[in-house]
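Using the hints, position chain B against chain A.
Residue numbers (this note's numbering), protein chains in the order written: chain A, 1 to 310; chain B, 1001 to 1531.
Just to be clear, a hint being listed does not mean it is correct.
Claimed, not checked - Result set (DSBU-like, lysine-lysine): computed pairs, CA atoms no more than 35 angstroms apart in a straight line: (1) A/K96 - A/K200; (2) A/K142 - A/K163; (3) B/K1347 - B/K1429; (4) B/K1498 - B/K1347; (5) B/K1283 - B/K1499; (6) A/K240 - A/K48; (7) A/K92 - B/K1199; (8) A/K60 - A/K48; (9) B/K1426 - B/K1499; (10) B/K1199 - A/K96; (11) A/K91 - A/K204; (12) B/K1283 - B/K1531; (13) A/K91 - A/K76; (14) B/K1289 - A/K92; (15) B/K1429 - B/K1199; (16) A/K204 - A/K96; (17) A/K96 - A/K275; (18) B/K1289 - A/K96; (19) A/K91 - B/K1531; (20) A/K96 - B/K1531; (21) B/K1531 - A/K92; (22) B/K1199 - A/K91; (23) A/K48 - A/K142; (24) A/K76 - A/K92.
In short, the hints are calculated from the structure, not lab data.
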Amino acid sequence: MASHSENHYFVPHGSIYPALISVGLLSMASGFVFNVTGSDTRLDGSIKNPALSYLATPGKYMMYLGLAIILTMMFKWLSTVVTESITGQYKKWEDKSFRIGMIVFICSEVAFFAAFFGALFYMRVLSVPDLASYAPDITPYKDFLSAWPSQGPGGTVLGEAYKPNPEFHPMSWSGLPLINTLLLLSSGATITWAHWGLIKNNRKQLIIGLFLTIALGVTFLCCQAAEYHHAYTEMGLTLKSGAYGATFFMLTGFHGFHVTIGTLMLIVIWLRSIKGHFTPEHHFGFEGVAWYWHFVDVVWLGLYIFVYML
Amino acid sequence: MSTTTVAHHDEHHDDHPTGIMRWLTTTNHKDIGTMYLTFSLVMFLVGGSMILGIRAELFKPGLQLMNPEFFNQLIGVHALIMIFAALMPAATGFANWMLPLQIGAPDMALPRLNNWGFWILPPSAILLTLPFTLALFGVGDGALATGWTFYPPLSVQGGIGVDFAIFAVHLLGISSVLGSINIIVTIYNMRAPGMTLMKMPMFAWGWLITAFLLIATIPVLAGAVTMLLTDRHFGTHFFDAAGGGDPIMFQHLFWFFGHPEVYILLLPVWGFIPQILQTFSRKPMYGYKAQVYSLWSIGALAVVVWAHHFFTAGMPVPALLYFMYSTMAISLPLAVLFYCWIRTMWKGSMSFETPMLFTVGWIILFGIGGLTGLVLADVAADAQYHNSYFVVAHFHYTLFAGGIMGIMAGVYYWLPKMTGHMYNEKLGKTHFWLTAISFNVTFIPQFFVGLAGMPRRIPDYALQFAEFNMISTVGAFVLGLSQLLFVYIILSCVKGGKKATDNVWEGAQGLEWTLPSPPPYHSFTEQPVVK
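Same shape as in the complex, but just chain A (with noise of 0.2 angstroms):
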């Protein structure tokens, strides 16, 4: 049997955080209940429920605090984690695990991904062509035609009108799309160059390396902000455009969104870097974001192929 020092795992000591989260992961998600629910507007602009319009304002109150509780206490836990980790504390079973952990959780958001672009083909290939099916004298969209991008037939939606905006364009796959992808597809090269120069301890490769995987991400940020500015403003795409608003927004928003949690991890990492946390043999932190931002590159390589060019 080994000895007791590589035989013994550690098992951390107690923590408030992970309640404390809890409490405002339930502040956070009662407060935005109680802000829709009072600032919910109809399409022609009037508010849906003016007897609880008074629960719109401590509704944000309570989401922001829930939000600074969360933000708080994420980063009390992870500066503990790191403590223990720069103290020695996890050797090769615990690394292990961590590694294991990640790859399960990055599957997790597969699937979420996967829900999203479900709906996508479900639109494209099902509901959309057989809307426009119906036989002629019984359908209620009798100029409909089967095609995509489609923002549906328009129709009445719980009472109130709904029509396809007559100035709508799809996203175009040229132009800032594919810039984006540029950007993204060499981040997750100069994620490696930085790896590489983590392995063979050259420390001005890896922070250099991250320092350009956090500009290249920042940018696709901020072309994104500009490409939905664009859309909103000159293009008639909105997320209430039918079936392919819906879906266009809500894929690339989310995926905007991990690209955001990916590039503060990012920042994370670079600032360990440069305080020399990381050594050749035990630099789980650094893989574990690059394994994340490369899982953010590849649903963006899917988003780019099913959203923007077929």
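Then chain B, alone, in the frame of chain A:
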């Protein structure tokens, strides 16, 4: 199954806080397991009392006690609580308590994450039930009234309760994903040296496949309810034909999660049931490999059969046929499992302590649940049975008998190990007979009223169903009240009772029975070697 050398010291005394802070901050798998199991028991009683309200209303035709909206709210919240807050936490509680003991691990692999996974549950239970309280203060019109399935357009039109339920489901989903990550990592990385995958206890196999199913499907549910949220408040048209969407798409997304969820609830039980059977038959488990492969095939089939939940909603004939045949294919590996369970008992020197009683009762009742499921999987027959009480009876045979009675078997089996005391055997047997009989009194009549055409989720019904509903309600109240006996047995077992031996049961095998009862706070700080 395997011989072991055990070395466990209790040399490790971290100072951990006492009182409430112990439970809020704990990273110990036994503490967390205890919290999961306690939470599950409390929510089981909460969800159960809701349905007693429903059964009281259905005692006779006409509207007596509540308005239809409140009736619908009770039904939906009952289901969500029983599935997400009673059954799933019970299975996770067992995983926390028993997996590290069974595979010889010092603890779960990611202890703080483990703690977080539990502490997300109370907030989500609050979110689920808060709308009832808010309605008393004039805010909103109560909890979600769509049933647990959230079908649009009803859920898009519904009030504040739907929003709360959406976020409750989000939090429950996060909790399940965290729990699954932890269990997968623990099983792959924390097994004692020499314990290969094919030497693992069946419970570990059951949970491993459960965890994979959760990782694959819970995020899809999260995506589906997120689309619902944006349809409700941000003007998307996922589930609305006017924008090119389709309400039936929600049913596809929901049941892509919802059908595997059935196996998520049952696979952990299928894991420990064979262990109980081999203990009380004093024989090795029959067909270990066959069982493992059956569990895998059920896990794989679980994600490709979802549309049998809404055959009548409309889909092309080839799709109907595909979903019918693939659903029926699940009965093949399940038949292998049944065969192995029965064969484990065959010619064994069996004894019938409470866990074994529950297990044998479980096999019979869950068998009825499975066979009626085969009937529902038939497209032509389903047109008649869909949305009737037949379905209600069917899934209570699978989820109450197959799920909760299985969990109860596990509770009686492991309670002496966890507490160090024997429970009161006489009361335990009484609890079994009360539960088994009143369960059948409750649900057998529902098969008949269902076949005769009584629709589910309606507070009023035609006069010809009156007698059977009356019988069903009487059964339900006996069933509900006998669970108070269950609570009493558990509490008195925790407090004291005859000292349990380390091995507890004569024929018990596995690493957990090599530890003292109760096991020390930190067990297996040095891993045993499995040969």
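Worksheet item: Given the hint that B/K1289 pairs with A/K92, does the C-alpha gap stay at or below 35 angstroms?
Response: holds (32 angstroms)
Worksheet item: Holds or violated: B/K1498 with B/K1347, Cα cutoff 35 angstroms?
Response: It holds: about 31 angstroms lies between the C-alpha atoms, which stays within 35 angstroms.
Worksheet entry | Hint consistency between A/K76 and A/K92 [alpha-carbon to alpha-carbon, up to 35 angstroms] | Answer holds: A/K76 to A/K92 is near 24 angstroms, not above 35 angstroms.
Practice prompt. Assess, step by step, whether the Cα of A/K91 is no farther than 35 angstroms from the Cα of B/K1531, and give holds or violated.
Written response: holds (26 angstroms)
Worksheet entry | Holds or violated: B/K1347 to B/K1429, with C-alpha atoms at most 35 angstroms apart | Holds: B/K1347 and B/K1429 sit about 23 angstroms apart, inside 35 angstroms.
Practice prompt. Given the hint that B/K1426 pairs with B/K1499, test it: the Cα-Cα distance must not exceed 35 angstroms.
Written response: Measuring from Cα to Cα gives roughly 16 angstroms; hence the hint holds.
Discussion item. Does A/K275 sit within 35 angstroms of A/K96, going by the straight-line distance between their CA atoms?
Written reply: Holds, at roughly 24 angstroms.
Worksheet item: If you draw a straight line from the CA of A/K96 to the CA of B/K1531, is it 35 angstroms or shorter?
Response: Satisfied, since the Cα-Cα distance of roughly 24 angstroms is no more than 35 angstroms.
Worksheet item: Straight-line Cα separation of A/K96 and A/K200 no greater than 35 angstroms?
Response: Holds, because 22 angstroms separates the two Cα atoms, which is no more than 35 angstroms.
Item to complete: Compare the distance between the alpha carbons of A/K91 and A/K204 with 35 angstroms, and conclude whether the hinted pair is satisfied.
Response: Holds. A/K91 to A/K204 sits at ~26 angstroms (cutoff 35 angstroms).
Worksheet item: Is B/K1283 within 35 angstroms of B/K1531, Cα to Cα?
Response: Since the Cα atoms of B/K1283 and B/K1531 sit roughly 20 angstroms apart, the hinted pair holds (cutoff 35 angstroms).
Practice prompt. Given the hint that A/K204 pairs with A/K96, test it: the Cα-Cα distance must not exceed 35 angstroms.
Written response: holds (27 angstroms)
In this structure, none of the earlier numbered hints is contradicted; all agree with it.
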